[in-house]
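Each protein sequence line maps, in turn, to chains V and H. Each residue of the first sequence is one higher than the last, beginning at 1 in the working numbering. Each residue of the second sequence is one higher than the last, beginning at 1 in the working numbering.
Any given hint could be a false lead.
[As the list claims (entries may be wrong)] If you want the ones that stay clear, here's a sample from chain H, every Cβ over 10 Å from chain V, calculated:
(1) 29
(2) 34
(3) 52
(4) 98
(5) 100
(6) 109
(7) 142
(8) 187
(9) 244
(10) 341
(11) 350
(12) 378
(13) 420
(14) 464
(15) 511
[Claimed, not checked] Computed beta-carbon distance windows for the label pairs:
(16) V:92 - H:19: 34 to 44 Å
(17) V:314 - H:218: 53 to 63 Å
(18) V:261 - H:30: 16 to 26 Å
(19) H:11 - V:219: 31 to 41 Å
(20) V:155 - H:19: 27 to 37 Å
(21) H:129 - V:70: 44 to 54 Å
(22) V:243 - H:145: 37 to 47 Å
(23) V:219 - H:172: 49 to 59 Å
In short, the hints are calculated from the structure, not lab data. We put the beta carbon where it would ideally sit given N, CA and C, even for glycine.
The chain contents come next:
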Amino acid sequence: MPLKDFTVPRTARRLLRAEPNLRMFSRLWQINWFFVLLICCLAGVGYIALYSAGGGRAEAFAQPQLIRFCFGLLMMLGVALASPRVLRMLSVPIYGLSILLLTLVLKMGHVGKGAERWINLGGFQFQPSEFAKIALVLMLSTWFYRIGRERMGNPLRLIIPAGLTLLPVVLVLKEPNLGTATIVGVIGASLFFAAGMRWWQIIILVSPLPFLGPFIYNHLHDYQKARIDTFLHPERDPLGAGYNILQSRIALGAGGRWGQGYLHGTQGQLSFLPEKQTDFIFTMIGEEWGYVGGVVVIGLLFLIMLSSMLIALRCRNRFGRLVGLGIAMDFFLYCVVNLSMVMGVIPVGGVPLPLISYGGSAMLTMMFGFGLLLSSWVHRDDPD
Amino acid sequence: MFTRRALLILAAQAGVMGTLAHHLYEMQVVHGDELKEQARRNRTSRRQIAPARGEIYDRCGVLLAGNRPNWRALVMVEETTDLQAVVDRFATIVPLDERDRLRIERDRKHVRRYVPLTLKEFLTWDDVARLGLNAPTLPGVLIDVGTTREYPFKELLAHIIGYVAPPNEKDVQRDGIMALPGMKVGRAGIEQTQEIHLRGQPGTVEMEVNAYGRVMGELERVEGQPGARLELTLDTTLQSRIRDRIGERVASAVVMDCRNGEVMGLVSTPSFDPTLFDGGISRTQWNSLITDQRTPLVDKAVSGLYPPGSTFKPAVALAALRAHAITPSERFSCPGYYDMGGVRFHCWSRYGHGAINLHQALKYSCDVYFYQVARRCGMEAIHDAAATLGLDGPLPIELPHRRAGSVPTPEMRRKHGHHWNGGDTVNAGIGQGLVQTTPLALATYASRLATGRLVQPHLLRSVSDQAIMTDPEPLPFAKEFLAAARSGMFAVVNEPQGTAPAARLNLPGVQMAGKTGSAQVRNVPRALRESGHFNSMNLPWQYRPHALFICFAPYDNPRYAVSVVVEHGNAGATEAAPLAAQIMTDALVRDPANRTSLSRGVVARADGLDD
Numbered sequence: 001m002p003l004k005d006f007t008v009p010r011t012a013r014r015l016l017r018a019e020p021n022l023r024m025f026s027r028l029w030q031i032n033w034f035f036v037l038l039i040c041c042l043a044g045v046g047y048i049a050l051y052s053a054g055g056g057r058a059e060a061f062a063q064p065q066l067i068r069f070c071f072g073l074l075m076m077l078g079v080a081l082a083s084p085r086v087l088r089m090l091s092v093p094i095y096g097l098s099i100l101l102l103t104l105v106l107k108m109g110h111v112g113k114g115a116e117r118w119i120n121l122g123g124f125q126f127q128p129s130e131f132a133k134i135a136l137v138l139m140l141s142t143w144f145y146r147i148g149r150e151r152m153g154n155p156l157r158l159i160i161p162a163g164l165t166l167l168p169v170v171l172v173l174k175e176p177n178l179g180t181a182t183i184v185g186v187i188g189a190s191l192f193f194a195a196g197m198r199w200w201q202i203i204i205l206v207s208p209l210p211f212l213g214p215f216i217y218n219h220l221h222d223y224q225k226a227r228i229d230t231f232l233h234p235e236r237d238p239l240g241a242g243y244n245i246l247q248s249r250i251a252l253g254a255g256g257r258w259g260q261g262y263l264h265g266t267q268g269q270l271s272f273l274p275e276k277q278t279d280f281i282f283t284m285i286g287e288e289w290g291y292v293g294g295v296v297v298i299g300l301l302f303l304i305m306l307s308s309m310l311i312a313l314r315c316r317n318r319f320g321r322l323v324g325l326g327i328a329m330d331f332f333l334y335c336v337v338n339l340s341m342v343m344g345v346i347p348v349g350g351v352p353l354p355l356i357s358y359g360g361s362a363m364l365t366m367m368f369g370f371g372l373l374l375s376s377w378v379h380r381d382d383p384d
Numbered sequence: 001m002f003t004r005r006a007l008l009i010l011a012a013q014a015g016v017m018g019t020l021a022h023h024l025y026e027m028q029v030v031h032g033d034e035l036k037e038q039a040r041r042n043r044t045s046r047r048q049i050a051p052a053r054g055e056i057y058d059r060c061g062v063l064l065a066g067n068r069p070n071w072r073a074l075v076m077v078e079e080t081t082d083l084q085a086v087v088d089r090f091a092t093i094v095p096l097d098e099r100d101r102l103r104i105e106r107d108r109k110h111v112r113r114y115v116p117l118t119l120k121e122f123l124t125w126d127d128v129a130r131l132g133l134n135a136p137t138l139p140g141v142l143i144d145v146g147t148t149r150e151y152p153f154k155e156l157l158a159h160i161i162g163y164v165a166p167p168n169e170k171d172v173q174r175d176g177i178m179a180l181p182g183m184k185v186g187r188a189g190i191e192q193t194q195e196i197h198l199r200g201q202p203g204t205v206e207m208e209v210n211a212y213g214r215v216m217g218e219l220e221r222v223e224g225q226p227g228a229r230l231e232l233t234l235d236t237t238l239q240s241r242i243r244d245r246i247g248e249r250v251a252s253a254v255v256m257d258c259r260n261g262e263v264m265g266l267v268s269t270p271s272f273d274p275t276l277f278d279g280g281i282s283r284t285q286w287n288s289l290i291t292d293q294r295t296p297l298v299d300k301a302v303s304g305l306y307p308p309g310s311t312f313k314p315a316v317a318l319a320a321l322r323a324h325a326i327t328p329s330e331r332f333s334c335p336g337y338y339d340m341g342g343v344r345f346h347c348w349s350r351y352g353h354g355a356i357n358l359h360q361a362l363k364y365s366c367d368v369y370f371y372q373v374a375r376r377c378g379m380e381a382i383h384d385a386a387a388t389l390g391l392d393g394p395l396p397i398e399l400p401h402r403r404a405g406s407v408p409t410p411e412m413r414r415k416h417g418h419h420w421n422g423g424d425t426v427n428a429g430i431g432q433g434l435v436q437t438t439p440l441a442l443a444t445y446a447s448r449l450a451t452g453r454l455v456q457p458h459l460l461r462s463v464s465d466q467a468i469m470t471d472p473e474p475l476p477f478a479k480e481f482l483a484a485a486r487s488g489m490f491a492v493v494n495e496p497q498g499t500a501p502a503a504r505l506n507l508p509g510v511q512m513a514g515k516t517g518s519a520q521v522r523n524v525p526r527a528l529r530e531s532g533h534f535n536s537m538n539l540p541w542q543y544r545p546h547a548l549f550i551c552f553a554p555y556d557n558p559r560y561a562v563s564v565v566v567e568h569g570n571a572g573a574t575e576a577a578p579l580a581a582q583i584m585t586d587a588l589v590r591d592p593a594n595r596t597s598l599s600r601g602v603v604a605r606a607d608g609l610d611d
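Modelling step: build the complete structure from the supplied sequences, incorporating the hints.
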């Protein structure tokens, strides 16, 4: 498609006379309800875990999260019904909005744990970096859809999408949120890869990375360096910076094979576990339900990720494929970073476990992403 | 191509997820046990709990010191929104005085939020009931029970039982257990000397705590070993009789079982209320206690040092007899004075007693006789005899602050750089001058004279029902010498012209032997004495002589020994002897072995406290 589609008056006109390929009801019928069921299962796990994290009270975390999920579910279904053409048209304003919000958060954000990550949006707090990931997926998918696979070989064609990727990465880094910046970067890279970037281009880009490590470390903030140090040697400061990692390990280990029983996880219920309702919710599950429970949750996460990838693979058009893969990647990275973090595999960073951790913006943006994924599924048979 | 690359990504994703699942297995299943142990240590906290302090009983099983529940009102600061409002409302239900308010103000600054704050201690049942009724208006207030040391007999036994107080810095350093909340340390009397027995072993309680150290529940409790039950040799009924007999006098009296040394009564007046110390004593109360010239805090029976006066004479007699310096029948003449080295020593009788033997000398309490006897046998012999009789050196009574009587020899005095005059020996012959002793030593002395055995005074009868047995060995005095001293003491009470006819017992078939004593607290100026108008009753109270009396009964088969010292009581014969006789009567009547043999009227009269 040519770029002229992006002119504003015509966009508005097209939106008004949007001519759906399918009728509304049959589109609803086309939604992948198995996938929706999986998501509901995951939210259910979240409800159960948050009930326990609230000390056996639903009002603390579980109830508000359930309300948010219902809202998110409606939004997801709404987005799922949107046609890819509309989504492509909206990709630029959405991307622009996300960049605007990221800039705003640097200017007037709320400081949480030494980083500016939140902005206040009419009463509720919002984390623009979450939204930026989805916006980037949509933006890159649209871009690569437009330039087609063949022109991927031309490095000049990749300069603009590379800039579109680096812009949010840099902004998130400045917050500073190393974890999310890395996730944004990896999502972008995976889309480049899946869109058909040539191997020689990849090798040229990747080869200098190992030499950049020390350079990046030197430009880290002190708290980020401390995080890496304590991660490497948590026992040096067991009550200080290494506390989270040690307590999380202890709590998971205390769960053992079968767990300590629901609502009976001693470390979690006795507040030894930090941030048990947000980043460390998986530790709580692992302590109360044991290895068995932990594997069930990991299995469910994997199933959702696998379904997302299968949706992407099943799509016949390039846009749907890339959106599907981008969302699957986003979800996967959330899970892996969070799980590695609570197991002490990588340094601690503020990355929640999608749909289980307590928190609004992560859940809503994830649901928005799943909406995009479902829209790709609904229009899986559209031609390129 | 997309499919290939997507599958590549999917494979990588599956690999990562698998690795994480494997890592989880390593942590939870392989290393689960060691981490579980860490978790257990994380959440449990072992604490020691203060053991219950041992109780103290008298010989009849009457409780002398116990632990009373102390109902107190606490407030959980974190459960109140406005502490001041709660305290004010509390004060309308249970009044708080200025001291309480200051303490609350101080505590609230130091105590951590989850540690309850004490509002008021020692609540009555009324207070507890009213607080319970008003509970809804007092958020965060709770009633809790601790223990406080209870002394049912307060003043009566304060000197013997002593009291407890919260441990100070030094106690904690000496024994870490003392840091436990609720621990008390004995600060006087039996509470202090038997601390080891009374303290007990602390128990442990394992508690579940959260990350902030707040106690969430109790997991396991091992009760400590409460302190040992102590039984004293005291007879509380007798003790209170003695107290009543003494009345307002500043005096001390000791009743001892002269066969085994069990102290059955030990009174020192005035006394104090020991419960003042556990609850915290105010400055004014403390000042009034320590400035009182009647020294209520001092147990005069064990730490009051007095010249024994004439009560010392039997000891001098025994010393001389054992040294073969005199014989019982040898006569010395008393013209009413004795001159030595240009100094004239007077007899208490200006007219003299004529030529008298030992029996008479004791009966009349002739001073001149004993001046000469003392001079003849020498101070070393007197010291040795006095030490054997318990008048010199420490006694093994289980009380702190006990003081040892002293009968110094010239040798000992010179060692400390003092000079010894011949007159000192002469004065020692009548128990004046450098000779000093305690009422307890006097009772021990009387017991040893009575039984001829080396009885040791003690207060402890059993520890945790393990009886303390004593089997005193005989004294190194020939039987006939002891008999001579005893017969002299018998004469003091029972023969005509004895010095203490007022001490004769009003019990059929029971006779008492005793010895009076009056101890000068300052020299009588010669001019005053020679003017013939001297009467010590005209002196100010603190300059009058002390009145002393020692005795034992029954004479033919001694059972009890009594010593009485009335401070500034003037004369042993008139002030101390009748008191001692009353006390001895009480002791004999209290004795279950005697109650059947004595006529009912006698017992009733004694029990009714009228004579």
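Checking each numbered hint in turn, tell me which of them this model violates, lowest number first.
Of the numbered hints, 1, 2 do not hold.
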